[in-house]
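Engineer: As they're listed, the protein sequences go chains A and B.
Taken in order, the first sequence gives residues 1 to 213; the numbers are from our numbering.
Taken in order, the second sequence gives residues 1 to 194; the numbers are from our numbering.
Heads up, some of the hints might be wrong.
Covered stretches of chain A, going by a simulated chain B footprint (3 or more residues, C-beta under 8 Å) [to be verified]:
id: 1; region: 152–166
id: 2; region: 171–177
Subject to a maximum C-alpha distance of 25 Å in a straight line, what follows is the list of computed SDA-like cross-link-like pairs (lysine to any residue) [said to hold, decoys possible]:
id: 3; chain 1: A; residue 1: K150; chain 2: B; residue 2: D29
id: 4; chain 1: B; residue 1: K124; chain 2: A; residue 2: T132
id: 5; chain 1: A; residue 1: K111; chain 2: A; residue 2: D62
id: 6; chain 1: B; residue 1: K117; chain 2: B; residue 2: D60
id: 7; chain 1: A; residue 1: K150; chain 2: B; residue 2: S51
id: 8; chain 1: A; residue 1: K150; chain 2: B; residue 2: D60
id: 9; chain 1: B; residue 1: K124; chain 2: B; residue 2: S51
id: 10; chain 1: A; residue 1: K150; chain 2: B; residue 2: Q127
id: 11; chain 1: A; residue 1: K150; chain 2: B; residue 2: M129
id: 12; chain 1: A; residue 1: K150; chain 2: A; residue 2: Q134
id: 13; chain 1: B; residue 1: K117; chain 2: A; residue 2: S149
id: 14; chain 1: B; residue 1: K124; chain 2: A; residue 2: H147
id: 15; chain 1: A; residue 1: K111; chain 2: A; residue 2: D67
id: 16; chain 1: A; residue 1: K150; chain 2: B; residue 2: V131
id: 17; chain 1: A; residue 1: K150; chain 2: B; residue 2: V76
id: 18; chain 1: A; residue 1: K150; chain 2: B; residue 2: G70
id: 19; chain 1: A; residue 1: K150; chain 2: B; residue 2: K117
id: 20; chain 1: B; residue 1: K175; chain 2: B; residue 2: S51
id: 21; chain 1: A; residue 1: K150; chain 2: B; residue 2: F133
id: 22; chain 1: B; residue 1: K124; chain 2: A; residue 2: A154
id: 23; chain 1: B; residue 1: K175; chain 2: B; residue 2: D29
If you're looking for bench data, these hints aren't it; they were derived computationally from the structure.
Every residue, glycine too, gets a C-beta built ideally from N, C-alpha and C.
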Amino acid sequence: MKAPLKTCAAHRPGRPAASRAALVAAVLWPLLAAAGTAHAELPSPELSHELTRLENPGPAPDFMLKDMDERAHSLSAYRGKVVMLNFWATWCPPCRREIPSMESIYQDLGKSGFVVLAVNEFETPDHVFAYTGQLSVFPTFPILFDHDSKVSQAYGVKGLPTTVLIDKQGRIVYRAVGGRDFDHPEVREIVRALLARDAGDAAKPGSGGDASR
Amino acid sequence: MTVIRPPFRLAGLIVLLGCTVQAPAFAGDVQVFTDDTSGLLSWKAQHPGFSLQFIQLLPDYVRAVYSARGLSEDVVELMAGYCVFGTIIKNESDQPLSYRVADWRYLTQDGQAHPIKTKTEWLKQWQDMGVAFRWSLLPDDQTFAPGDWSQGFTTLPLPPDTPVKLHYTWSQQGKTYEGTFENLRCAPARAPRR
């Protein structure tokens with residue numbers, strides 16, 4: 001296993017004890033949890049591309065969260081766009097693994113009305129900034145901070161990462177628990193299908209791809 | 001309720017082999033892995049459409065995780081005093097499945113079965129200790145759609161290096177399935193290799 005050590009220095013400058021601990025954690029958790037063993041080839045779970053289509057899409061709870069630059073983002077401000085809402089944390093290996101795929105699909109479809117909002121749980125902007133600065137792919141989508149986890153609770157998130165797709169009408173139409181490869185063609189097809197619908201279209205979601213279940 | 005018991009007869013032998021040859025060993029549904037660098041062990045139970053992994057975590061690692069989240073020394077040492085396994089659960093089937101940690105049991109060497117402390121129980125204790133952090137622990141219960149998976153810590157009140165069995169269940173389409181890790185072992189106090 002090749003641990004992506006260069007992405008793992010997830011510590012907060014100015015806090016030596018915590019920094020050392022965070023470095024140990026950031027190095028060990030990917031080794032132990034994501035890949036299991038360095039040479040025994042215990043595979044980390046493959047990142048599938050399956051998204052679960054919700055039979056009865058409900059309204060996505062609105063929220064107001066700040067990004068790294070202290071700018072406030074409300075979900076309702078994105079009404080009329082297709083939103084991928086991803087709940088994550090730096091210590092979560094699959095969260096790290098899916099970031100490049102989120103960035104890729106955001107780069108390709110962002111100009112068509114597709115938005116990625118990565119909601120970080122319980123961490124500080126300093127911590128996350130140091131972390132993202134060492135990723136091979138720097139995320140350009142907004143990273144929001146859910147310091148008290150109230151937004152994740154409103155979405156019923158039990159584990160990280162969890163991702164939902166919200167349609168132009170503000171409804172949660174797809175859900176994925178655990179890491180995913182969002183750059184997969186079938187996921188893109190789902191997003192494109194959602195983008196193609198009018199905001200007032202009451203048609204059921206899910207006609208656009210085999211990644212849905 | 002139908003209960004299906006998969007075979008785990010050679011699990012003990014496989015743990016031994018896994019420790020010896022440092023390569024994935026396989027018997028029935030359980031694979032044992034040894035980290036060449038640290039010497040730490042992990043176990044993976046593979047069932048049709050369902051997999052469960054338990055990964056030894058060192059007390060120092062547990063300290064590091066919680067210290068890095070800014071939790072108090074009391075909380076950090078409390079957690080590091082437990083036998084902690086990293087746990088990964090995955091739905092690899094084409095139907096939803098669910099699990100409940102409250103239904104799982106660990107068996108100590110005296111043969112006694114004990115419930116596993118759930119995330120809800122931990123969160124209540126943390127809340128009483130002034131902790132708002134609510135992540136890292138394996139969720140109490142989840143229903144996974146196809147392709148869903150999750151990970152988190154499972155905690156047992158056992159000393160380092162203690163052998164333990166762990167009985168787990170999951171449900172799918174009205175049936176409850178079960179399995180047992182016959183030869184789990186808590187992480188040692190320090191990594192076997194450095």
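Engineer: Any hints from earlier that this structure breaks? Give me their numbers in increasing order, please.
Structural biologist: The structure breaks hints 3, 4, 7, 8, 9, 12; every other hint is satisfied.
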